[in-house]
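J.: Chain by chain, the residues run as shown.
2 protein chains.
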Amino acid sequence: MRHDVSPELLDKLDAGKVAKLLDIPEYRITGALERRILQYIYSPRELFRFDKPVSSIEGGTAIFVEPFDIVRGFPKISRVLMLYPGIVKHFSSCEKVVVEEKMNGYNTRIAFIGDTLAALTRGGFVCPYTTEKANKLVGREFFHNHPGLMLCGEMVGPDSPYVPKSIYDIESLEFFVFDIREKVSGKPVPVMERRALVEEYGLNSVRLFGEYSVDEAHLEVTKIIKGFGSALNEGVVIKDPQMALPPVKYTSSLSNSADLRYAFEFYNDYGRDFFFPRVCREAFQSVEWDEDEESQRKRCQRLGESILQPMIKTINRKKEGERITETVQIRVRNLRTVDEFKEHLRLLGVDAIFEEPEPVGDEYLVKIRKIFKSTNDKTDSILRGELWS
Amino acid sequence: MRHDVSPELLDKLDAGKVAKLLDIPEYRITGALERRILQYIYSPRELFRFDKPVSSIEGGTAIFVEPFDIVRGFPKISRVLMLYPGIVKHFSSCEKVVVEEKMNGYNTRIAFIGDTLAALTRGGFVCPYTTEKANKLVGREFFHNHPGLMLCGEMVGPDSPYVPKSIYDIESLEFFVFDIREKVSGKPVPVMERRALVEEYGLNSVRLFGEYSVDEAHLEVTKIIKGFGSALNEGVVIKDPQMALPPVKYTSSLSNSADLRYAFEFYNDYGRDFFFPRVCREAFQSVEWDEDEESQRKRCQRLGESILQPMIKTINRKKEGERITETVQIRVRNLRTVDEFKEHLRLLGVDAIFEEPEPVGDEYLVKIRKIFKSTNDKTDSILRGELWS
Chain W
46 MRHDVSPELL DKLDAGKVAK LLDIPEYRIT GALERRILQY IYSPRELFRF DKPVSSIEGG
106 TAIFVEPFDI VRGFPKISRV LMLYPGIVKH FSSCEKVVVE EKMNGYNTRI AFIGDTLAAL
166 TRGGFVCPYT TEKANKLVGR EFFHNHPGLM LCGEMVGPDS PYVPKSIYDI ESLEFFVFDI
226 REKVSGKPVP VMERRALVEE YGLNSVRLFG EYSVDEAHLE VTKIIKGFGS ALNEGVVIKD
286 PQMALPPVKY TSSLSNSADL RYAFEFYNDY GRDFFFPRVC REAFQSVEWD EDEESQRKRC
346 QRLGESILQP MIKTINRKKE GERITETVQI RVRNLRTVDE FKEHLRLLGV DAIFEEPEPV
406 GDEYLVKIRK IFKSTNDKTD SILRGELWS
Chain G
46 MRHDVSPELL DKLDAGKVAK LLDIPEYRIT GALERRILQY IYSPRELFRF DKPVSSIEGG
106 TAIFVEPFDI VRGFPKISRV LMLYPGIVKH FSSCEKVVVE EKMNGYNTRI AFIGDTLAAL
166 TRGGFVCPYT TEKANKLVGR EFFHNHPGLM LCGEMVGPDS PYVPKSIYDI ESLEFFVFDI
226 REKVSGKPVP VMERRALVEE YGLNSVRLFG EYSVDEAHLE VTKIIKGFGS ALNEGVVIKD
286 PQMALPPVKY TSSLSNSADL RYAFEFYNDY GRDFFFPRVC REAFQSVEWD EDEESQRKRC
346 QRLGESILQP MIKTINRKKE GERITETVQI RVRNLRTVDE FKEHLRLLGV DAIFEEPEPV
406 GDEYLVKIRK IFKSTNDKTD SILRGELWS
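Line by line, the protein sequences are chains W and G.
Heads up, the first sequence is in the numbering used here, so the first residue is 46 and it goes up one at a time.
Heads up, the second sequence is in the numbering used here, so the first residue is 46 and it goes up one at a time.
One should not assume that every hint holds.
One copy or two, either will do: identical chains are not told apart, so a pair holds if it fits within one copy or between any two.
[To be verified] Once the Cα atoms are required to be at most 25 Å apart in a straight line, the calculated PhoX-like pairs of lysine-lysine come out as:
no.	residue 1	residue 2
1	K121	K141
2	K62	K343
3	K415	K57
4	K121	K343
5	K181	K294
6	K134	K343
7	K412	K65
8	K268	K232
9	K181	K363
10	K232	K358
11	K232	K387
12	K57	K121
13	K358	K121
14	K418	K343
15	K65	K141
16	K358	K343
17	K358	K418
18	K364	K343
19	K358	K65
20	K418	K62
21	K62	K387
22	K418	K134
23	K294	K387
24	K343	K181
For the record, the hints were derived by calculation from the structure and aren't laboratory data.
As the structure is a prediction and not an experimental result, all values here were calculated from the model.
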């Protein structure tokens, strides 16, 4: 659907300049505005964000208004379902691939806009909380020397309002770089060069497992994934050392099950599209690893439990009159960040209750209860005897 | 999207007369034609069918051209997920409910059109094979005396091209009536009156479990479902004896699992929407039956196996170079029915290979291999190393 765009908005966005910098026709920019794919956001910084990809422009790309700047979206990483044929086919023009850990947190891009840091989430929103953390964890030194680059990495730890995993022995929140790219073009720095740069500035990189020849990488990745054992490490990303080809990802069955376990607790809020690809991954992995009956049996049990147990728990909670919520926490130095983060969640359409900040050292811990409205309503209605369509 | 409708088509369909008989405004009829919701079908009988519901008209409603007649679609039956609150709420205006078996076959409406029988599948297509079977199994006597009624029932047995289950010890195909309705209005006959009528004409009814008071029916249904044990009986339909309220259905976990097992063998052809509601049923049933740990564990194992085992089998078959197909069979007296049925499957968009008819007694058995193109292609591409988007 097309909508009228106000002259004020057009004025804020210099479509001609943007089109030139992004190397796409200007009508694509104005068309995206009209179709509300390119959305104006006023807080905590004025910007326009691409809600979905348009031509060659990734979803999550942000165009800052004042000062004018562009931060390209982080490209979607395709997934390999069968390691051997997948790696060999995708990296046919490489001799070697690098394997790094895919961590379980939330994707963050950090860039210098004017003279301040901005930390963007995958969708192209500036997250005020992540920005406060980025100032502390990353600082400005890197950007003073490389103003045209952005750091792409995973924010990981228990003080995460999005993915509060605590499998890594992290106290609050840490940032692990997995990519350095040009802000405006999105062009990536080669893997080893990037890792050296990260080290030079005293920052953290995601774990490097090694560099392997293309036709043996599937064996190494299998070893790595199996080596995770019962730990919930998510998986790996397999990369062309030169970063000329896009990377691909591969995940462990346990982390897959953990995802399902999480999503089915809030079953009616997570779309049915969440489930299906995860099930397919399980089946292809079982075939590629040529599992015996016992391993298959365990995999089926794990899958079934990851789906049903959280739903049963949710239904029982609702039966007891509880509200279906998830509690996450943030740890801030500045209480203004809490207010800004409230506004940010509101923009994202997340329904949340903020508890009173508790002082912890020189910071404040704030617990946030996210409310899963659709799951609450659906479960409630069925318990009250409503029919399923 | 709206399309032009040819005058020839408008001529075949007397929209004014149809509107009057269906008691909806005429523009709804012409609008449905333009939006291709009301579709013209030329074989094996000329008719217009509603592909989806329009106002109060059920999807699958058919308007015959020559002679003019209307056969209303079979109404969608809602599902109860929690027996106790569901039954009590839905049937609050009844004292008693009747519980009948929900059989595992395909929904068929049989009606007299002019002076011949027509057997319609759920979608409102006249199925030439089912029509041949209806002539043999049901005959014309009932319709000579009740030309304005249609028999609604389940076609069950191994010689079924749609749902070839053989849990009932049926040799070829049998028809079990579960509803008698007025052809044009869809108005149902009360349960006991209907069962008497069916018996009077020597036809089969679905199994009657009993009539129960509304507030105890959930206990009886639980007993019935648990009594199925390891048999694959699908479930029950719970009805207002007067049929003034619409019935509701409830199914067993084993049959639920069997459905999943079937669908995941052809995982990319069955939508992801197939999976989700089936999983929800399992969770609510487990909660309502207050299962202990061991029963829950078994339910999870069953669910996981129903999902993964068929996919693993499919991937392995494809790896061995096999084509992913399902073989069904029909048994006909008249070879012309085979040709008509071929055309019918073509209309439905089903890709199928018909084997040579084998004479069996005075009939022919014809094996049909249905090809699941999407599952074939997807599995093949991943085995060749394509990435998952």
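J.: Run every hint past the structure and note whether it holds.
T.: Comparing the hints with the structure gives:
Taking the closest pair of Cα atoms, K121 and K141 come within 25 Å of each other only inside a single copy of the chain (22 Å); across copies the shortest separation is 57 Å, beyond that limit. When the C-alpha separation of K62 and K343 is checked against a cutoff of 25 Å, the pair qualifies neither within a copy, at 57 Å, nor between copies, at 62 Å. Proximity of K415 to K57 under the C-alpha cut-off of 25 Å is found in neither arrangement, the shortest distances being 34 Å within a copy and 58 Å between copies. Taking identical chains as interchangeable, the C-alpha atoms of K121 and K343 are never at most 25 Å apart, the minima being 31 Å within one chain and 38 Å between chains.
For the homomeric pair K181 and K294, neither the shortest alpha-carbon distance inside one copy (30 Å) nor that between copies (58 Å) is at most 25 Å. Taking identical chains as interchangeable, the C-alpha atoms of K134 and K343 are never at most 25 Å apart, the minima being 31 Å within one chain and 40 Å between chains. In the homo-oligomer, the alpha carbons of K412 and K65 never lie at most 25 Å apart, since the shortest distance is 44 Å inside one protomer and 62 Å across protomers. Proximity of K268 to K232 under the C-alpha cut-off of 25 Å is found in neither arrangement, the shortest distances being 31 Å within a copy and 65 Å between copies.
Neither within a single protomer nor between protomers do K181 and K363 lie at most 25 Å apart by alpha-carbon distance, with minima of 40 Å and 53 Å respectively. Proximity of K232 and K358 under a CA criterion of 25 Å is satisfied in neither setting, with 45 Å inside one chain copy and 42 Å between copies. Neither within a single protomer nor between protomers do K232 and K387 lie at most 25 Å apart by alpha-carbon distance, with minima of 33 Å and 55 Å respectively. With identical chains, the CA atoms of K57 and K121 are never at most 25 Å apart, being 28 Å at best within one copy and 52 Å at best between copies.
Taking the closest pair of Cα atoms, K358 and K121 never come within 25 Å of each other, the shortest separation being 33 Å inside a single copy and 30 Å across copies. In this homomeric assembly, K418 and K343 never come within 25 Å of each other (Cα to Cα): the closest approach is 34 Å inside a single copy and 31 Å across copies. Neither within a single protomer nor between protomers do K65 and K141 lie at most 25 Å apart by alpha-carbon distance, with minima of 36 Å and 73 Å respectively. For the homomeric pair K358 and K343, the shortest alpha-carbon distances inside one copy (22 Å) and between copies (17 Å) are both at most 25 Å.
Proximity of K358 and K418 under a CA criterion of 25 Å is satisfied intra-copy only: 16 Å inside one chain copy versus 39 Å between copies. For the homomeric pair K364 and K343, the shortest alpha-carbon distance between copies (23 Å) is at most 25 Å, but the shortest distance inside one copy (31 Å) is not. Taking the shortest alpha-carbon separations for K358 and K65, neither the intra-copy value of 53 Å nor the inter-copy value of 52 Å comes in at or below 25 Å. Proximity of K418 to K62 under the C-alpha cut-off of 25 Å is found in neither arrangement, the shortest distances being 42 Å within a copy and 47 Å between copies.
For the identical chains of this complex, K62 and K387 are neighbours neither inside a copy (33 Å) nor across copies (60 Å), given an alpha-carbon limit of 25 Å. For the homomeric pair K418 and K134, the shortest alpha-carbon distance between copies (23 Å) is at most 25 Å, but the shortest distance inside one copy (44 Å) is not. Taking the closest pair of Cα atoms, K294 and K387 never come within 25 Å of each other, the shortest separation being 33 Å inside a single copy and 44 Å across copies. For the homomeric pair K343 and K181, neither the shortest alpha-carbon distance inside one copy (44 Å) nor that between copies (50 Å) is at most 25 Å.
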